[in-house]
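Engineer: Residue-level listing of the chains:
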Amino acid sequence: MTTIDLDATKFEAEKLFARKRLIGFGIPSVIAVYFVYIFFAFDLPGLAGRANMENAVTLASDSWSYKVHATRDNRSGNVTYAVEGERKGTYPEGQRPDWVRGDEVITIDLGGDIIVRYLPDNRTEIEIPGFQLIEAQAEGRTVTTNLPDDLPDWISASDRRVGITTPEGRITLTGARTEVFNYFPGWELFWFTLDSPYYGQSLATILFGDQIDPARGNITGAVSDWWNNTMWRHKDVAWAIGETILMAFLGTMGAALIALPLGFLAAKRFSPLMLLRAATRRLFDFLRGVDALIWTVVLARAFGPGPLTGALAILITDTGTFGKIFSEALENVDQKQIEGVASTGAKPLQRYRFGVIPQIVPVLLAQIFYFLESNTRSATIIGAITGGGIGLMLTQAIQTQKDWEEVAYYIILIIAMVMLMDWFSGWLRAKLIGRKT
Amino acid sequence: MLKIDKLTKRFGDKTAVDAANILVEKPSMIGIIGRSGAGKSTLLRMVNCLSDASQGTITFEGEDITGLRGSARRNWQSRCAMIFQQFNLVPRMDVVSNVLHGTLNKRSTFATMFNLYPQSDIHRAIEILDRLGIAEQAPKRAEALSGGQQQRVAIARALMQDPKIILADEPIASLDPMNAQVVMQALRRIHEEDGRMVIANLHTLDTARRYCDRVIGMRDGRIVFDGTPEQLTVGVARDIYGAGADFSEAATSTEIETLGRSEVREEKAYA
Amino acid sequence: MLKIDKLTKRFGDKTAVDAANILVEKPSMIGIIGRSGAGKSTLLRMVNCLSDASQGTITFEGEDITGLRGSARRNWQSRCAMIFQQFNLVPRMDVVSNVLHGTLNKRSTFATMFNLYPQSDIHRAIEILDRLGIAEQAPKRAEALSGGQQQRVAIARALMQDPKIILADEPIASLDPMNAQVVMQALRRIHEEDGRMVIANLHTLDTARRYCDRVIGMRDGRIVFDGTPEQLTVGVARDIYGAGADFSEAATSTEIETLGRSEVREEKAYA
Amino acid sequence: MADISLSGAQHHVDGIQASYMAQVQRRRLYGGLTLLIFVVLMVSGFNVADDRNAGGFWDGLHQIGDYPADVLSEAWDKRADLPALIVKYFPALVETINIAAVSTLIGAIGGLFLSLLGTRGLAKWPRLIPLFRRISDIMRAVPEIVIALVLIFVLGGGPVPAMIAIAIHTAGALAKMFSEVSENTDLKAVDGLASTGATWSQRMLLGVLPQVAPNYVSYTLLRFEINIRASAILGFVGAGGLGYELRNAMAWGPGRFDEAAAIFILLFGTIVFFDQVSSRYRNRLTEGQGQ
Amino acid sequence: QEITEFRIGILGGENAQDRMNSYQCLADYTTAALGVETKLFAPADYNGVIQGLLGGTIDMAWLGASSYAATFLQDPDAVEPVLIKVNLDGSVGYHSIGFARIDSGITSLDDMEGKVFGFGDPNSTSGYLIPSIEIPQYKDGITMESGEYFDEVRFTGGHEQTIVAVNNGDIDGGVTWADGQGNWEDGYNSGALRKAVDAGLVDMNDMVQIWQSNVIPEGPVVLRQALPDDVKATMVALVDGLYEADPECAYGVAAGETLGFQPVTHAMYESIVAARQSVIGN
Ligand SMILES: Nc1ncnc2c1ncn2[C@@H]1O[C@H](COP(=O)(O)OP(=O)(O)OP(=O)(O)O)[C@@H](O)[C@H]1O
Ligand SMILES: Nc1ncnc2c1ncn2[C@@H]1O[C@H](COP(=O)(O)OP(=O)(O)OP(=O)(O)O)[C@@H](O)[C@H]1O
Ligand SMILES: [Mg+2]
Ligand SMILES: [Mg+2]
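These protein sequence lines are chains A, B, C, D and E, in that order.
Quick note on the numbering used here: the first sequence kicks off at 1 and runs consecutively.
Quick note on the numbering used here: the second sequence kicks off at 438 and runs consecutively.
Quick note on the numbering used here: the third sequence kicks off at 709 and runs consecutively.
Quick note on the numbering used here: the fourth sequence kicks off at 980 and runs consecutively.
Quick note on the numbering used here: the fifth sequence kicks off at 1271 and runs consecutively.
The hints are simulated quantities; they were obtained by calculation from the structure and are not laboratory data.
Using N, Cα and C, we set each Cβ at its ideal position, and we do this for glycine too.
One or more hints might be untrue.
One-sided excerpt, in silico: chain A residues whose CB lies under 8 Å from chain E [said to hold, decoys possible]:
1) A48
2) T144
3) N146
4) R160
5) A176
6) A300
7) T400
Put together the whole structure using the sequences plus the hints.
Structural biologist: Here it is as structure tokens:
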């Protein structure tokens, strides 16, 4: 090559690289500009201020621990003990946790040398290592204490209310009541509630030990008490998961059954009328476009809350999606096979059965099972809107903003459920597509 | 028994088959030759009623085929089997099921929907496969077979129809010479042993000469030759293929070895 | 300068390279021959650190290569270019970019991401392409080039690395004889003009004889021959290829014409 | 074949017939069982769902049109307001689309790394492949609503929790689809780059990405379409955007059905629009691949 | 006509399954009294129950006053109110409470100008309907449109979310419900604030009350009009006598201490209906 030519080539190459750099910088910078716009549109700087780390801590600690309330009603002087402060978790009359002692003076040992004493006449003493002995007196609406003016940030006090937060537990005092919250790790009462005779028994005792409840065998009794546990409601949770999977299954399969014949109408090669084909396609677009969310709301009026409504919402949306996918698959079928079957004098239905179906079955099954898994997730969300299944339980548990251990439980179950469905549908898909039709 | 009369097929302003006349008096093995686009496939497809004729008639044993519709037409198709270049089997189904498709016309739609065929049919299907030497392949999927085996499955499907006529549209064009020979021999045997009429489109002259009793040459939709293989001289062939003087027979050959009787013919043809 | 000492590579219980010893004192052009599976590729890949040795060491100018990790290893790779049988270019990228990939080791990921190659590099890339006679192809996509051109791009990429050693793993095995010659001549010229060491795996005896100063024969992972092309007699070749007396040199030949100097050798070899 | 003695052949065919019949019987049995199980599951599943629903399927069927009729009739009566309402809710729509777009972008970037790190032959740390795969499995399994609701509690309402939630799920989902593509990448170019001393990121950037980009972009577009729906749904449970407005309008009921209709028109139009655009563009991308 | 099952809808506010549990005893009594299966449904929001009543898929529910009005306005013949809950002091009302964080410096509605104000569910009486009418009466110039008096008027989705949002500072002020009895520092005797305090979600020392509504009538227990008369009579008698028969169950059903239920008619809610009508503006 001559020098002139070479220079021209070099120049061309430089231009080429200039262009590539432009694209190379262009795309990332468009994205970067967009992110900057989002940064302000979504008010991320403000978010940092609004984010409530205390809530995060509450959430995190509550999801793996529980608290027991020891509450003194300052009017009656009665002291009650309840897990999570719930009626169902209340210790029966005459029972109390073993970290509470004394009758006249009730001593509550929070651990870590933090001691709370409920004294007569609505007086309270709190011993915290490294801090002065706190004395408090509740009278009418006011709480008087010996607290100094400058308080550490773990104490919040006014003359109406005093709140003390320690790593071991929380203490609140108001005129009306004095409460101690003692925190423990774990999910309390997960197996049995306090009223069950099996509460506090070891697994070995239940399996091999003496009969605990004279009326029932140990294992049947324990299983039934666990199944009907009123705190954790394992039975309802199982039903809810079942309902969610049911919604996904009915919706997906129903949609596939309906979409298959409709797919023929929408496919160029099989539709008897172009008008009909166009109409079917628009119908599919409409069903998909309206979205499961809105179908759910629409159907809720007609069918009321429950899994059927959710299943129908999935069914309607997916009919649109499947219809589109199926008709595209149908348009791509190989004409040769159909002709081969037709040449034997097969009837139209037989032509479809043998010329078309075997070709699209793999596509169909692959899609159906893919959607089965993804609809399990959708069913969780739809359940939260129509009222059914694990989705509703989850949203409601989150809404109350205190039952984080239940939230954690449900989340684990949901993830397990979806992963199980993922695995199952993958297995089934491999099984069915790998097999001869 | 088969009479094709002024049969014409037009696609738009293109005439694929142009007033073709063929008269076949007794079951024989007929080869149709002609270069690509000559209208061979179109002709066979009209005979099988896979496409409608634009003009003219096809009559079989006095019955007008061209006018048939609905179940009468399907009935005709079941008596007139077709074999395709690309086999046109259902690749995901097993070999026997593919063969059994030959009986679809006789069975109720409902039963076949669920793949329910009488046991006697299944046995017959396997016997036919055995006759074609591929009974061992019976349970395999069609797609797992080699081209030659697949074409024999297609022939088995045709035989399953127990047809009066077998149409074969370039049955060996996608096969290697070895398999091509097996398939052509099978078709010839069916013709000779069962006395069925076989009409085969063939790409190669020597195959037509070797296996057929009668050869029809087509060019641009018209029938330009109709006679015995002996009459098919190199000059006629040049005419059919529209080739110049440089036309060489070998260019269209796929044979690997020769049958006894064809050797005689070849000598004549080259003479 | 390059010392390979008891180099061994095992895949599971298969020993691909078995205690190979090679000592190269000065830059030369070395051909490695041996039949398929002899371990030629594995040996070169270890030298380039594309795979780790199971045992033994490779030392280059006193530096132990086998122990290198991370950036030191990449640094070594940049000094030891590799050319592959399948060219291993980025097919969707243009030729110049592919050549510039030879400088990757010197560039940060960021610079790579935004195609920030210095102008001088771009110019050098085009000069190298020109030296290999394919400067016109510079703006085309690599996949649009013929095999011989692609291999020359690969050589250009190797030269762009300005390496001490060029390893070539059957650089001409996917090429037709015409292109094979162009590529081998290019490698020879690089060796002669730049004084770089070239080690090439070669499938064919005569290529090795013609272009190399030294030939190494491998069989079943072991080095069974190491000498000048002149020492490579038909008997030795039979040994290397494990062939019987029916072994014919021509079976491995891809040459179309001969270079002046090789003719002399050939005569000797056949003598 | 013709030479085999007749009796031998007969025997041989009998054997094939018998074994094939056995296979057919087995297949019919399995097929029948599968069908039976499926029908039983469908019918009993339907009955259970019907039973656990407040209203029955057959009782409710004739009422399907009631709610849309209420909404549409009110919207029709106030049709003059519709354009104004559409303008009013347009910012909410933009927010919804923004949530979808940002989360798709972030998810695609995350999915890209997860898939590269989790694909054999490409992974930087081959021993950690199972780890990255499990991570993407879990990210994919978590429904968006779970993360969104938890984050709303911590971060407060608005688009950010939804964005994070969708991005996490998207990363997991795309990681899986990307992996399927990158498992089929041709490693020759990667090897070639490695031989020049390129770093892992350079190899991925130059050797892998150009090959897989069309498929990746196509999957990302599909995901964007899905994410628009997801972001609308999350709005429904409290995370800003059009879904939030729709829920309030629908919950209030008569009196705001015109607003509901306007929001619905926006949402429907957007979904259909992006659906059409992306499917057209995706076809173009993957068609070029065929050759 | 005959009924084959009896469906009770339960309104939001608590954990769905907690509510189901609280109502289980009522369901058992119902099954015994009517001889048909009783089912409980806890839709996700107020609107779910309203739609159920309108669509005839829910037979009985304890609505909020505003939800009742919404139902009545959509179909006056859909349901009839039958009973109302009686508080411990014999009253049948509660209050909507406006509140803010003490460190925001807001002490009254006057300080809320240009701030973000949060409501709960649009169908909530105390969480939206009443404050949306009474707050503008506080002084001239207050409206419920975003960008006028308040910088933004936002729906948080429910009482719990409002409290958390105010506590987090997402919104400057909000409204929720309380019985108005007892002390502010306890979050009153019952109501959403009290629950949040018990859960340790908020510290009432951080909160300040900025507004209180007039007494709002408790919502009615409603029955679907189309139910057979004997079913209606049975159910009214059952719920009316629930406190006497089973105080524990009544506690659960009424979501707190109660003296039981007493009969009520539509007349009680005419003002609420009118209020809701006025908000719709037609
Ligand atoms: N469906 C159709 N639509 C339009 N034109 C067609 C159609 N089928 C065939 N033709 C045309 O009719 C002519 C005859 O085609 P035909 O397939 O019968 O030829 P052939 O002899 O079988 O050729 P080949 O050897 O390629 O199979 C060709 O020019 C073809 O282009
Ligand atoms: N990654 C690997 N895993 C397992 N075995 C391998 C691997 N790479 C190579 N081998 C085996 O090592 C032996 C040597 O292979 P190598 O590729 O080095 O041979 P070669 O001489 O280059 O042969 P060819 O001419 O076919 O390229 C062969 O038996 C091969 O099967
Ligand atoms: Mg043809
Ligand atoms: Mg090799």
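Engineer: Hints first: check each against the structure and report whether it holds.
Structural biologist: Do the hints match the structure? See the list:
Given the 8 Å rule on beta carbons, the hint for A48 of chain A is violated: about 12 Å separates it from the nearest Cβ of chain E. Hint status for T144 of chain A relative to chain E: violated, with the closest Cβ pair at about 14 Å, above 8 Å. With its C-beta approaching chain E no nearer than about 18 Å, N146 of chain A sits outside the 8 Å limit, and its interface hint is violated. With a least beta-carbon distance of about 4 Å to chain E, the hint placing R160 of chain A at the interface is held under the 8 Å criterion.
Taking 8 Å as the C-beta contact cut-off toward chain E, the hint placing A176 of chain A at the interface holds, the least distance being around 5 Å. Checking A300 of chain A against chain E by beta carbon gives a least distance of about 5 Å; that is within 8 Å, so the hint holds. At its closest, the beta carbon of T400 of chain A sits 5 Å from a beta carbon of chain E; the interface hint therefore holds under the 8 Å criterion.
When the structure is compared with the earlier hints, violations turn up for hints 1, 2 and 3 and for no others.
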